[in-house]
Structure formats: C-alpha cells, structure tokens
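Residue numbers (this note's numbering), protein chains in the order written: chain A, 1 to 143; chain B, 1001 to 1151.
I should point out that these hints are in silico values taken from the structure, not numbers from a laboratory.
To spell it out: a stretch of chain A is covered by chain B in this simulated footprint if at least three of its residues, at any positions, have a beta carbon under 8 Å from a beta carbon of chain B; those stretches are:
1. 91-104
2. 111-125
3. 132-139
Ideal placement from N, C-alpha and C gives every residue a C-beta, glycine not left out.
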Amino acid sequence: MKKVPVEEPEVLEIRCHKVTDNIQEIISFVKSRQGQLCAYVEGQSIEVPVIDVFYAESVDNRLFIYTAKESYELRIKLYELEEMLKGKSFLRVQKGMLLNLLKVKSIKPALSGRYTALLKNGEEIVISRKYVPDFRDTLKGRR
Amino acid sequence: MNKFRKRFEEAFRLYFILVTLISILLMVLGLMFDSDRVFGYEVFLSPLIYAAIGVIPCFFTDSEKELSMKMLIVRRTVTLLVIEAMMLTLAYSAESIPTERKGVVPGIAIGIVIVFILSSVIEYVFELAGARELNEALLAYQNSENDLKED
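Produce the entire structure from the sequences given, and follow the hints as far as they go.
The following block contains the structure:
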C-alpha cells in the first residue's frame, strides 16, 4: 500500500500469476464498493450497477442477480454478496434470497405469517415468516 | 426459545378466535338439533376445551420449512382432517352430544369446516393489518434512503 498526494488518482492494482476465485472475489468486493457488481452472462463479464438489482437468488449453489428484465450470474456466494451489500438496502427475505427494499412497490399477506413483496417490475417475491421480524425491524429503523 | 414463544403467541391468538367461533357454532348446532336441552354452568367449559384441541395441530404442522402455496394448502387440508377426526371422536364419546340423531354428525363436521375457514379469514385480516403497517414503513424507508442519496 502506498499513500499518494490528493492531486494523484487513487489506483488499486492486483498483480497475480492467475485470476483465481479468491482474486475474483476481491475484484467483486472492490467493484461492489464502487456500486458495481461483476456479473457474467453467457461467459462474458459485465458490470451491473447495484442500484439496478431487484433481488439476488441462490439456485443450486449458483448465485444470480435480477434486474428489471435481465438476470446475471455472480461468481461469489450469497453470504459474500450479503456482506458486500451491507448498508445498501438489501435484506435477506428467504434462505437463498436477498431483496432490494428500494425496488419493492408494496407488500401483501401470503398466509401463515408470510408476506409477498410486489416489485416495481411486477414480479412477486415471498418473504418467509422466519425473515419477517428482520424485515419489519429494518423498515422501522430498529436494525 | 424465541421460536417457541412466537409459536405459542400465535397459538394463543388462534385459541381465542376458536373459542369465539366454537361458541357461536355450539349455539347454532344446539338450536338446530337439541334446542330443548337445559345445561349447567359447566357447559361454558366446552368451547374452551374444543378450542384447545383445535389448536394442538398448530404445534406439529407449523415447521420453519419454506412451503409453496400448493404445499401450504395440502398442509392446511391435512390439519383440517386431523381436527375433524379429533372433534368427531370427542363428539361420539361425549354423552351430552346426541350423535345418534340424524344430521348432528354432518352438522358438526360442516361446522368445523366453517370455523376452520373463518379462523383462517380472521388470521388473514390480522395479516392484512400487518401488511398495511409494513407498507407505511416501507414508504418511509424508501423516502429516507432517497433523501440520503440526494444529500
């Protein structure tokens, strides 16, 4: 790490022999701090702004993020993404799902203590009863 | 401990909903099939006992596992069948209920279904109030987050 004068731009450089999963994880983390997620679609790398993400879902050990109309794969784990997005209005609403609270249009009951979140793109996401207390506390600023 | 407490609170709420609905059901069935019978004060215990029996399945069928809507409906149906079986067994074993009369048993069975549906509707109304509260909190949260971004 080298300190630079304020007139010089800040640069993060990674020198490595091979881009491993760990390196990829570091890149993802840095980009997420800048409001971007390093995603993949058909093997091609693409940067997705965090503010465009509606929700993230883990399916068969693979993590996908969903924007208004598209879905992309991330090469990190859900808990890592959750950690990266801490303080960014994302909240766990199911065992394998993170929801962007800013993309929720309304909430309605879904029987048995669960709720359904209607998203701004028309999709519906179930908030499981286990996560309802956290959801309520976050909205009310108690968390 | 928290999980048990939450489940107990839900069962407690359901219990009093059932007590009210069963009292009404007993009144309706009594007037239909056995309106001349005179009871002592102990009859006030009946709704409390029946409601306690009706709440028991809550503790066995309410797991934390994620259920699809289809599975939820299957589970509710199984719960209803278990309650029906328990209540009818009780009705046959209780001397005060004239199960030998034609119409009494179907009356009880249909009554249980109606109470079950009504209790679900009342639960839904409670959840609707909860959703209204959540929607207000959501709007406030989104406004405050947007204000922070503008700052």
